[in-house]
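Chains B and V, in that order, are what the protein sequence lines are.
Position 144, counted from 1, in the first sequence is what my numbering calls 186; the numbers after and before it change by one each time, with no gaps.
Position 28, counted from 1, in the second sequence is what my numbering calls 108; the numbers after and before it change by one each time, with no gaps.
Hint data in this document are derived by calculation from the structure and do not stem from the laboratory.
Wrong hints could be hidden among the right ones.
[Unchecked claim] Reference listing, derived: stretches of chain B covered by chain V, where coverage requires no fewer than 3 residues with Cβ under 8 Å from a Cβ of chain V:
1. 134-145
2. 159-165
[Stated by the list, open to error] Cut-off 25 Å, straight-line C-alpha distance, at most; resulting in silico cross-link-like pairs (DSS-like, lysine-lysine):
3. Lys277(B) / Lys112(B)
4. Lys216(B) / Lys187(B)
5. Lys147(V) / Lys133(B)
6. Lys277(B) / Lys114(B)
7. Lys277(B) / Lys181(B)
8. Lys204(V) / Lys289(B)
[Said to hold, decoys possible] Partial list, computed: chain V residues near chain B (C-beta under 10 Å):
9. Thr155
10. Phe171
11. Glu283
12. Trp325
13. Gln327
Cβ atoms here follow ideal geometry from the backbone N, Cα and C, with glycine treated the same way.
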Amino acid sequence: MRVSWAVIAVVLMAAPARAEESPAAREVMSHLSRGARSARVGDWVTYRFDGGAGGQRIYYWRMAVVGEEKDKQGRDAVWVEMEAGTHPAMKSPLMQMRMLVAREGEQIRYDAISRLFVGGPTDRPQEYSEEALDHVLKKMDQQEKDDKDGKVVDPEDAKVTLPAGMKPVLRTGKEMRVMTLAGTVTVVPVEVMVKKTVIKRMWISREIPLMQMAKMEIPGIAHSMEVAEYGIDAKPRMVLPPPSAPKIRLEYADRVFPDLPGMDAPQEPADSEKTP
Amino acid sequence: MLVRRLLLGFALLAVWPALAEQEVPVYPGTVHTRIGNDLIIGGEYYRLAYFTTTDPMKKVAAYFAQKWRDEGYPTVVEGDLEDEAVVSALFTREGLQRGVVLRTHLGKTVGFTALRDLWTRPPKSTPSGLIKLEGTLYSQDLATRDDPGGSQNRTSLVTGDLSDVQQRVGAELTRQGFEPVRSTATKLGGGTQVTMEHARKGEQVMTTISQVDDGMSTVMQTWVGTDRPDGVPNNDAVRKSREAWEQEQKAKAAKGAGK
């Protein structure tokens, strides 16, 4: 069975509770198994984020699967577009991203990006050069490894930040109907608890494409996200640069200033300068 | 987590151009007067217009802010909304910024509406006849997009008193092949303002110099691609325009025949 992002988030938040052993995780998986579908071309979802501050930090984030093709390694891959802006219609997104990500079976592997376009509020979308993309992905891989090895203290890692005996616990409710900005959907409510404090509330729904998340709240910081719109008719929307347009290249501070205090020695091989 | 990290990576963005083919913002019920055609200000393409209205500034600002926000465009309102206000919105899919600058004048609200192209940059070309003197502290260029027959302007703040700057401007223009046509000095606000006209075949340059402080002068220059006193493009400009029009017609005809 496909493991959705929401389930991954649940399992990660409650690290001690293994998915297959936790009744809460079983409840979520049971809900998803009755109708949740794998991501397909056309799936899209827009969330409304409230960053607290009395409603002064409202923004919208959209994710859509807009195409599919083989990537340069011959793997099945899909084009995923992400946009963030101040209005759900995204007529004028302040951030845009379009990436070709590999998929394994029904699972989209967001760590296997082979092409990446990004655009900002005042910039025309531009593609990352192969060298720049490789560098970013390597850096993220390394960070993931460091996190796993415990080399880096990640504040989001419950094992590190929580004192002994403060294990987060998952609590689920019965399947129910809940009203969202996108209409009423069937959900399973999930709460991540530490002792009697609710750290995070989630309403997981098989009806919501891609994320299977209807709502989420983090009461302690008054943050929330809620599905605003969703559908299965997504089309590519990013205005792509012409093929001849220059690609984004990175300049590495540790190469330009090798003797700068606090800089690590250059780690990239000499052939990393080649760009398409 | 990966997604969030990638979103953070947007800080690495770079600039890339595109074309603006849309109109300036409009306030209903008023007459908008275009300022020039397509202008190049500070190396960026703009279209500008102005209007006046008896509506209070707050109402005008609210109209644009509400309209753009309702349409889904990120919009910012700045200013005290009494004496001045700026409302602007980003149109990120088109690479445009629309804005209105509001001021009060003689009991009316004056609005300057602007369309700014965020993606396209004009080719860097030094305006002919417009000079940059040694000791220039600040310089701003303004040009029209549609040469020939257009005009280009340069405003500079230069170290030097009036006579010194006047002499240097004249010498530089002479070096570039311009000949002096006339020069006038007028008293303005207790100071003296010198206006010089120079001409070269098919081109005119008008330079106005004012001393604004001890050892500091402003130089405002206008270059016009014409040798006619009414500023209408000269024969060469007309010929080029005609050729461009004929080529466009031929291209249209060829396209039509190809269907």
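To see whether the hints hold, each was checked on the structure:
1. A count of 7 residues in the segment 134-145 of chain B with a Cβ less than 8 Å from any Cβ of chain V is obtained; the coverage claim is therefore met, three being the minimum.
2. Note: the segment 159-165 of chain B has 6 residues with beta-carbon separation from chain V under 8 Å; the three-residue rule is met and the coverage holds.
3. Between the alpha carbons of Lys277(B) and Lys112(B) the distance comes to roughly 18 Å, so the proposed pair stays at or under 25 Å and holds.
4. Only pairs whose Cα atoms come within 25 Å are accepted, and Lys216(B) paired with Lys187(B) is rejected, the gap being roughly 37 Å.
5. In summary, the hint linking Lys147(V) to Lys133(B) is supported, as the alpha carbons are separated by about 14 Å, within the 25 Å threshold.
6. Among the hinted pairs, Lys277(B) with Lys114(B) is consistent with the structure: their alpha-carbon atoms are about 23 Å apart, no more than 25 Å.
7. Distance hint between Lys277(B) and Lys181(B) is unfulfilled; the C-alpha atoms sit about 31 Å from each other, more than 25 Å.
8. Between the alpha carbons of Lys204(V) and Lys289(B) the distance comes to roughly 22 Å, so the proposed pair stays at or under 25 Å and holds.
9. For Thr155(V), the suggested interface contact is upheld, since its CB lies about 8 Å from the closest CB of chain B, less than 10 Å.
10. Evaluation of the Phe171(V) hint against chain B yields a held restraint, the C-beta minimum of about 5 Å falling below 10 Å.
11. This hint is violated: Glu283(V) has a C-beta 35 Å from the nearest C-beta of chain B, more than the 10 Å allowed.
12. With a least beta-carbon distance of about 28 Å to chain B, the hint placing Trp325(V) at the interface is violated under the 10 Å criterion.
13. Using the Cβ-Cβ criterion of 10 Å, the hint placing Gln327(V) at the interface with chain B is not satisfied: the shortest such distance is roughly 24 Å.
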